[in-house]
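Asks: Below are the chains, spelled out letter by letter.
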Amino acid sequence: MQNPRRKDFEKFYNTHIDKVYRFVFFRVGYNKALAEDLVSEVFMKALENFAGYDVKISRSAWIMTIAKNHLANHWRDRKKTDALPDDETAGEDTPWLELSAKMADKSENIRELYELLAKLDTTSRHIVTFHYIFGYSYSEIAETLNMTETAAKVAAHRAIKKLSNLV
Amino acid sequence: MSLKIRYNLWQEKNQISPDSKFKADLWSKLDAKMHAEYGTKHSWFETRAFKFAAAAAVFILIVATTGTGAYAYTSSSVTEGTPLYPVKQQLENLEEKIQLTPEAKARFYLKKINRREAEVAQMNKTQRLKDKITKVQDKIEQEEDNLANVDKILEEKNSGDSHLRDEIKQRLEKRIENRNSVIERRLNNLEERKTLINNKLNQLSTESD
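Going down the list, the sequences are from chains S and F. With my numbering as the guide, the letters of the first sequence map in order to residues 1 to 167. With my numbering as the guide, the letters of the second sequence map in order to residues 1001 to 1209.
Mixed in with the good hints there might be a few duds.
To be verified - Cβ pair distances, simulated, as ranges:
1) S:Met44 <-> F:Asp1161: 41 to 47 Å
2) S:Asn73 <-> F:Ser1002: 38 to 44 Å
3) S:Glu115 <-> F:Asn1149: 53 to 59 Å
4) S:Arg5 <-> F:Leu1061: 29 to 35 Å
5) F:Pro1083 <-> S:Glu112: 38 to 44 Å
To be verified - Dumping the calculated PhoX-like pairs for lysine-lysine here, alpha-carbon to alpha-carbon at most 25 Å:
6) F:Lys1125 <-> F:Lys1111
7) F:Lys1023 <-> S:Lys7
8) S:Lys32 <-> F:Lys1029
9) F:Lys1097 <-> F:Lys1111
10) S:Lys11 <-> F:Lys1013
11) S:Lys19 <-> F:Lys1004
12) S:Lys19 <-> F:Lys1029
Think of the hints as simulated: they come from the structure by calculation, not from any bench. Since this is a predicted model, take the numbers as computed values, not measurements. Every residue gets a Cβ at the ideal spot worked out from N, C-alpha and C, and that includes glycine.
All chains should be built: construct the whole structure from the sequences, respecting the hints.
Replies: In C-alpha cells, the structure reads:
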C-alpha cells in the first residue's frame, strides 16, 4: 500500500465529508448515530484505497461509490428491505427521498418544502434536491443528467421560481 | 417567496449536515490511522491547535488595534456593567485560547487578575453598585483558581522559569492574605455585633429590674 499524502487526503476529506454524510444520513432514516458509524467506515475504506484515487478522473464519484456499496452491504447484513435507489444519481423517481422525509421529525416549513418539491417534474426535483440539499455542484449534476452546466443552472433557477409560485 | 424557499432548502441542508465535532473526531481517527500505518508525519504548523491559535491571534490583532476594540480591550474604565465590557471579555476569552503552554497561561492569568483589580479600583472610585463589584471580585477568585491549577502543572513539570514561579507564588500568597483579612474583618464584625447584643440585653435586664 502506498503512503497517502496527508495534505491530499485532508483536502479530499474536507471536500467530501458533508456530501457523503448527507448521502448516508438520508438513507438511514435520519439516524444520526448509525450515519456517523457508517460514514466513519466509508472514510476508513477510502483511506485504505486512496492511492488509487485520481481527483482529475473521478472527483466525487469514487467516494460516493464506496459509500453506496458500504450502505448496500450494511442493509444486506441487516437483511433490510427498505427501498434503495439502484443508482444514487438516477434521474427517476426517488422513493427513498419521500420515505426519509416522512420518517424524520420535520418542522412544518420543511414538510411544506417536501410537498412542494413533490409537485415538480422529476428532473427539476432532482436538480433542486441534489444542488440545494445534498450540496452537489451544477457540473456534477449536469454530468449525471447528460446536460450542460448552464442548462442545469437555468433549470434550477426555473424550478425555484416555480416553487415560489406554488407557495 | 423565493427567499423563503431558499431559506427552507438551506435549513434542510444544515439539518442533514454532520456536526463539526463529529467531523473533527473522525479526522483525528483518520490522521491517527495514517500515522500508525504509514508514519505520515505532519508539521506543527499543520495542527488544528496551531491553525486555530493563528486565526484567533489575527482576529485579536485586528479587533484590538482598531478603534472601539482597542479602547474596550485596554481601558480599565471599561468595567462590569458598561456596554463595551462584553467586547473586552470576548477578546480576553480568545486571548486565553491562544495561550498554548502552561507558562503562557500563567502569565495570562496574572495579567487578567491585575486587570480585574484595576477595574475594581476604578469601580470603587466611581462608586458603582456593590453587586457589580462583587461580580468582578468573584472573577478574580476564579482567575486565581485557574492560576493555582496552572501552578500545579508547572510544579509537576518543574518549569525552569523562576521569575514567573515567584510571581505566581506572590500572587497566591496575596490571595491567602486577602482571604485571611476578609475572615478577620468578618470576625471583627461578629464581635462588634456580639458586644452590641450583649449591651442591649444588659440594658433590657436593667430596665425590667
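Asks: The structure should be examined with respect to each hint, and the outcome stated for every one.
Replies: Right, here's what the structure says about each hint:
no., hint, in the structure
1, S:Met44 <-> F:Asp1161: 41 to 47 Å, "holds, 43 Å"
2, S:Asn73 <-> F:Ser1002: 38 to 44 Å, "holds, 41 Å"
3, S:Glu115 <-> F:Asn1149: 53 to 59 Å, "holds, 55 Å"
4, S:Arg5 <-> F:Leu1061: 29 to 35 Å, "holds, 32 Å"
5, F:Pro1083 <-> S:Glu112: 38 to 44 Å, "holds, 41 Å"
6, F:Lys1125 <-> F:Lys1111, "holds, 21 Å"
7, F:Lys1023 <-> S:Lys7, "holds, 16 Å"
8, S:Lys32 <-> F:Lys1029, "holds, 18 Å"
9, F:Lys1097 <-> F:Lys1111, "holds, 15 Å"
10, S:Lys11 <-> F:Lys1013, "holds, 21 Å"
11, S:Lys19 <-> F:Lys1004, "holds, 23 Å"
12, S:Lys19 <-> F:Lys1029, "holds, 19 Å"
Hint compliance for this structure: every hint is met.
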